[in-house]
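Engineer: For the record, the sequence lines run as chains C and A. 335 is the number that the numbering used here gives the last residue of the first sequence; the numbers go up by one with no jumps. 573 is the number that the numbering used here gives the last residue of the second sequence; the numbers go up by one with no jumps.
Just so you know, the hints here were simulated from the structure itself, not pulled from any lab data. None of the values given here were measured: they were computed from a predicted structure. Any given hint might turn out to be false.
Pair by pair, the computed Cβ-Cβ distance ranges are [to be verified]:
id: 1; chain 1: C; residue 1: Ile155; chain 2: A; residue 2: Ser455; range: 49 to 55 Å
id: 2; chain 1: C; residue 1: Ile22; chain 2: A; residue 2: Ala336; range: 54 to 60 Å
id: 3; chain 1: C; residue 1: Asn184; chain 2: A; residue 2: Glu80; range: 56 to 62 Å
id: 4; chain 1: A; residue 1: Glu545; chain 2: C; residue 2: Ile22; range: 51 to 57 Å
id: 5; chain 1: C; residue 1: Ala148; chain 2: A; residue 2: Pro121; range: 35 to 41 Å
id: 6; chain 1: C; residue 1: Gly182; chain 2: A; residue 2: Leu85; range: 57 to 63 Å
For glycine and all other residues, C-beta sits at the position ideal for the given N, C-alpha and C.
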Amino acid sequence: MTSIPLAYLKNRLITLVLTILIAATLIWIIPRLSPVDPAEIALGRMAAGAGSVANSEEILAQLRASMGIDAPLIVQYARYIGNVLVFDFGISTASFPTPVSALIAQALPWTLGLMILSLIITFIIGNALGAFMAWDRTPKLARVAIPAAMVFTSIPPILSGLLLMWIFAAQLRWFPLTGSYGLNVEPGWDWSFVASVISHGTLPALSIVIVTFGFWALGMRGLMISVQGEDYVKLAEAKGLKPRYILYKYMIRNAILPQITAFALKVGLLIAGQVLVERIFAYNGMGKLLYDAILNQDFPVIQGVSYVIILMTALSVFIVDLLYPLIDPRIRREA
Amino acid sequence: MTVLDIQNLSIDFPTAGGVVHAVTDLSLQIEKGRRIGFIGESGSGKTTTALAVMQMLAAPGRVAGGQIILGGTDMLALSEEEMRLSRLSKVSYIPQGAMNSLNPIMRIEDQLWDGIIAHEPTTTKADLKRRSDEALASVGLLPHTARLYPHELSGGMKQRVCIAMGVTLSPDLIIADEPTSALDVVTQRHVMQTLKDVQAKIGAALILIGHDMGLMAQSVDELAVLKDGELVEHGDVRQILEAPKHPYTKDLISSVPLVGGESFLDPAPAEPPKGRGKPGVPLLAFEDVSKVYGNVTALHPMSFALDGEVPKIVSIVGQSGSGKSTMGSLMLGFNAPSTGRVLFEGQDVATMDQAASLDFRKNVQAVFQDPYACFNPFYRVDHALKFPFKRFGYATSETQTQQAMEDACVAVGLDPALILRRYPHQLSGGQRQRLIVARALMLQPKLLIADEPVSMVDASLRSTILKNIHDLKDRHGISILYITHDLATAYHVSDYVIVLYQGHVAEAGPPKQVIGEPQHEYTRLLIDSIPWPDIDRGWGTPTTEEEDAARLARLAEDRQTVMRGDIPGFTLS
């Protein structure tokens with residue numbers, strides 16, 4: 001009964017595949033528009049290390065061949081698409097000869113853990129506050145206090161990060177200053193490691209939460225206000241329903257729907273958006289990987305990270321699309 | 001026994017610009033089992049008075065004085081929780097449910113149950129199921145409706161669900177706020193009958209809020225006429241209809257256009273203006289035009305030619321879904337036909353070049369249903385008038401533009417000094433719609449397409465706006481296509497009427513024949529369903545919903561067109 005119609009599923013699957021394909025193509029084209037030659041950068045790096053390089057022309061040609069940028073563009077493209085499908089993004093030029101996929105595999109879990117957790121916390125807090133801001137039965141004091149808390153939203157994440165570090169790490173010493181886990185623990189599924197990860201992750205997560213909950217709160221407030229004006233809310237009151245029940249079942253339940261789509265879009269953007277947070281906390285996630293890759297003009301890594309960001313966005317939108325018919329019955333018929 | 005006793009009720013709305021007295025010193029009693037109609041224009045206080053009984057005034061409204069006693073209880077003295085418990089169980093509210101009154105993400109039965117549970121928390125699941133099924137059955141809905149979501153129901157079905165909700169706890173008083181104004185005339189008759197039946201069954205008093213004198217005459221026992229927050233007349237409905245005392249009541253009754261009744265239009269000028277079309281070429285023509293959306297055929301192939309040499313008004317009437325608005329959007333070139341061609345002065349609208357397209361837009365203007373959505377809220381209303389005037393090259397100077405705007409306002413009966421330079425939200429719906437007509441006049445088109453131009457404005461203003469539109473033809477020689485569901489106004493303003501049913505022409509010809517003496521069964525059904533403001537006439541031949549559904553199904557299979565004669569300059573084939 002509450003099943004997803006087949007036509008709808010097919011539709012969304014095609015969208016998913018097309019999105020990924022087009023994005024992968026763009027990622028391939030854009031760096032090729034740049035006048036920078038990665039082989040020359042690699043050579044420059046060698047030269048910087050050794051003072052000078054003999055036979056530089058030959059080495060350059062060899063570097064180009066090993067990077068695969070000597071072949072005709074169409075061959076490069078076909079090879080690239082084939083590789084991307086199996087998550088092979090080549091070899092990092094900055095941390096030569098580590099494969100890009102290995103770098104990503106190392107960084108991704110950290111980011112997923114930290115970012116998704118903080119996104120979920122922000123989503124819940126932000127939407128709850130937004131809903132209470134709009135509700136006409138919220139105590140006056142809370143309705144004044146919530147907008148005041150929005151001040152934090154206007155702080156850039158680096159500043160809020162530094163502030164948190166100063167208060168909780170430097171002054172109070174409740175949490176460690178930087179890193180993703182302590183130097184004194186071995187990675188593994190034991191309590192000391194997990195505890196270390198949690199204590200290292202708290203400040204970065206918190207710095208993301210306090211600067212982003214306002215986005216959700218303000219969005220939710222706007223949605224709640226328009227839902228409040230709907231005839232069905234007025235009728236719910238005329239039916240003598242309890243105010244809290246109306247708030248949850250009639251107002252929040254309807255107002256939250258567009259926020260869920262926004263949530264899916266945010267998943268991918270998070271990695272890109274939180275580059276600086278990972279950087280200042282020296283947190284070994286995708287953001288830091290991307291930041292370092294940009295500094296080093298490490299094209300394979302930039303490509304790989306961009307691809308993963310797009311893949312995550314497309315997948316999360318796809319998943320939300322699949323969930324949507326279950327939370328909004330109107331979609332079932334539209335399909 | 002008196003169910004509701006309102007004594008000297010006053011309701012104020014404190015606003016930044018001072019206190020608005022929405023209701024002043026209103027006293028009224030309603031007896032058990034009686035139906036009373038609250039009639040008046042928007043802003044007359046009819047809904048505000050009714051909502052005060054439930055303490056559901058929109059902010060910042062408040063009761064400034066008086067008493068409301070419902071079944072012996074002083075409603076204004078109740079605590080918030082006591083008031084909540086009285087809603088639905090003592091007084092229930094039936095909104096205009098066809099639109100958006102049901103929670104889109106909850107099943108119908110859940111929305112019936114939550115009302116019961118809020119008052120009787122210990123009700124068992126089986127009991128809830130039994131009661132919701134009974135309630136749905138009492139309003140003529142099948143049991144499977146309970147498991148559906150609102151978007152799966154038609155407008156009439158949603159309205160029935162709202163009625164079912166209103167009677168689940170057998171209240172003493174039911175307030176029905178324009179329950180049928182969004183329904184078409186055929187459905188309206190059945191829904192109104194259902195409401196009367198369930199109300200009589202539970203013996204509740206009923207307040208019916210509305211603005212349609214005909215609907216009131218056929219539905220209520222007593223009538224309360226409100227104007228500017230005051231009760232100007234209250235009494236037996238027959239006495240008020242036959243011998244109204246207050247001049248405002250007389251106005252309300254006489255402003256209702258009736259089929260076969262007196263015309264509300266000004267007499268035609270002795271010398272009719274020349275039309276604006278080119279001689280020899282039809283102004284607008286359909287050549288086998290049809291429109292298909294997915295697997296629904298909205299309009300079956302249709303051909304007509306309208307010449308512009310003698311200005312005329314052609315009405316297109318039918319229920320919602322009959323294809324009349326589809327015709328309008330095809331004529332305006334907003335939609336491309338699935339087959340056939342739409343021609344404007346011999347040129348295909350779909351393949352026009354830019355210059356021809358600009359000329360087409362200049363010469364074909366439109367008036368739409370919603371006078372709120374037609375203005376950009378960001379600009380003063382002048383912008384809506386001035387911008388196309390300049391764009392189409394009519395403007396020679398600022399003073400001339402200003403003069404043209406003022407003349408157009410005067411022509412539709414608006415005072416330019418009060419209207420121009422204001423923002424859309426500062427004007428009433430009627431004023432806005434007349435401004436749109438004024439704009440059409442300023443742009444001097446050859447053809448005007450008016451899609452339900454008066455269905456969202458107050459009854460008393462309808463005839464004025466239609467008079468303005470009619471003047472475009474009579475004084476300015478503009479031909480008009482008038483799309484409407486209201487047969488009475490079509491009867492008066494048009495020279496030719498096309499009745500559409502499911503995208504087919506059912507009957508067509510001059511209005512005196514088609515609407516005055518209908519021959520096609522569908523036209524007859526539409527006319528039967530009109531509520532007349534005449535109690536003795538009754539509400540058509542009594543039919544059940546099943547009979548009408550069967551009638552419509554028969555018509556859908558046996559498609560015939562009854563042609564009732566021609567007028568010069570318009571051919572339909």
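Engineer: Now look at each hint and say whether the structure bears it out.
Structural biologist: Verification of the hints:
no. : hint                            : result
1   : C:Ile155 - A:Ser455: 49 to 55 Å : 52 Å, holds
2   : C:Ile22 - A:Ala336: 54 to 60 Å  : 29 Å, violated
3   : C:Asn184 - A:Glu80: 56 to 62 Å  : 60 Å, holds
4   : A:Glu545 - C:Ile22: 51 to 57 Å  : 53 Å, holds
5   : C:Ala148 - A:Pro121: 35 to 41 Å : 38 Å, holds
6   : C:Gly182 - A:Leu85: 57 to 63 Å  : 59 Å, holds
Comparing the model with each numbered hint stated earlier shows that hint 2 is the single one that does not hold.
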